[in-house]
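Asker: Position 215 of the sequence shown, counting from 1, maps to 200 under the numbering used here, and the rest follow consecutively.
Just so you know, not all the hints are guaranteed correct.
[Said to hold, decoys possible] Pair by pair, the computed Cβ-Cβ distance ranges are:
hint	residue 1	residue 2	range
1	Glu21	Ala223	26 to 34 Å
2	Leu28	Gln82	19 to 27 Å
3	Arg235	Gln39	30 to 38 Å
To be clear, the hints were calculated from the coordinates, so they are not data collected in a lab. These numbers come from a predicted model, not from an experiment. We treat Cβ as the ideally placed atom computed from N, Cα and C, and that holds for glycine.
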Amino acid sequence: MRLEGRQLPMRAESDDRDRVACVELPALPLQLLLLEQPRWRELPVAVVEADRPQAKLLWINEEARALGVLPGMRCAAARSLAPQLRASVVAPERIEQAIDQLFSLLLGFSPRVEPEPDAPGTLWLDPSGMNLLWGDLDQWASGVEQALSQQGWQATVVVGFHRFRCLAIARSRGPEGKGPKRGPSAWVLGDRRREARMAATVPLDRLGISPRLRDELAGLGVRTLGEFMALPAAELQARLGAEARRLHARGSDGDWAPLSPRALVDPVRLHVQIEPAEADVHR
């Protein structure tokens, strides 16, 4: 299969840094909403920041996207494009509870799990040594995806080399809050070149960038990560702002950050020694 888009810069194949696994549950708050409102699954649906007409849309499903609705739109404007749009708030406490449950589940596949703090639904796993337990990483990645699916979650698992590129690939695969999945949901990338080619084709609107930057780049004809990475890095901040500079840095070949797994907290145990009952009450 030929993959279009500009190739991202590459690191030498001799670099033996550990692999990383990205587990992406697309639009996690939206998935929570659809678990609570299953009758909405075939309709355009959005999670909004507040229950008012001018509230911004935070997450949308594919039915809404197909009608021209995008994250960042106001609810009233979105309903002009999609009159059947269903919108609701998902409480932050509910999202945190779901992340804790996912963390506990994924500990069964790796002792090192890092929930992404600013992206609910994105979790990182250390796959080191898992091929010894599972036979190969393909079976391990499929096992992760199947365990999540059995709990009602839609997820994509990508095992690769570059954190941001793995994330971009994961976010471009599979539907958001839809019914049955289409195509593979677990990917093990054998080399960095394939990883870079796949990441280059990812639409920028899948990467969680602000509506302002998304629209400015679209005005320049820049719609994929590969096209964006081809822009001169030195001019980005002056022309497009700090967000564009940070995005370019994350997608660059030199960006690397070690896994920062969430610490495991041992349950508190209380030991109380109780003297046996005294039978001789006169002693």
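Asker: Check each numbered hint against the structure and report the violated ones by number, ascending.
Answerer: 1
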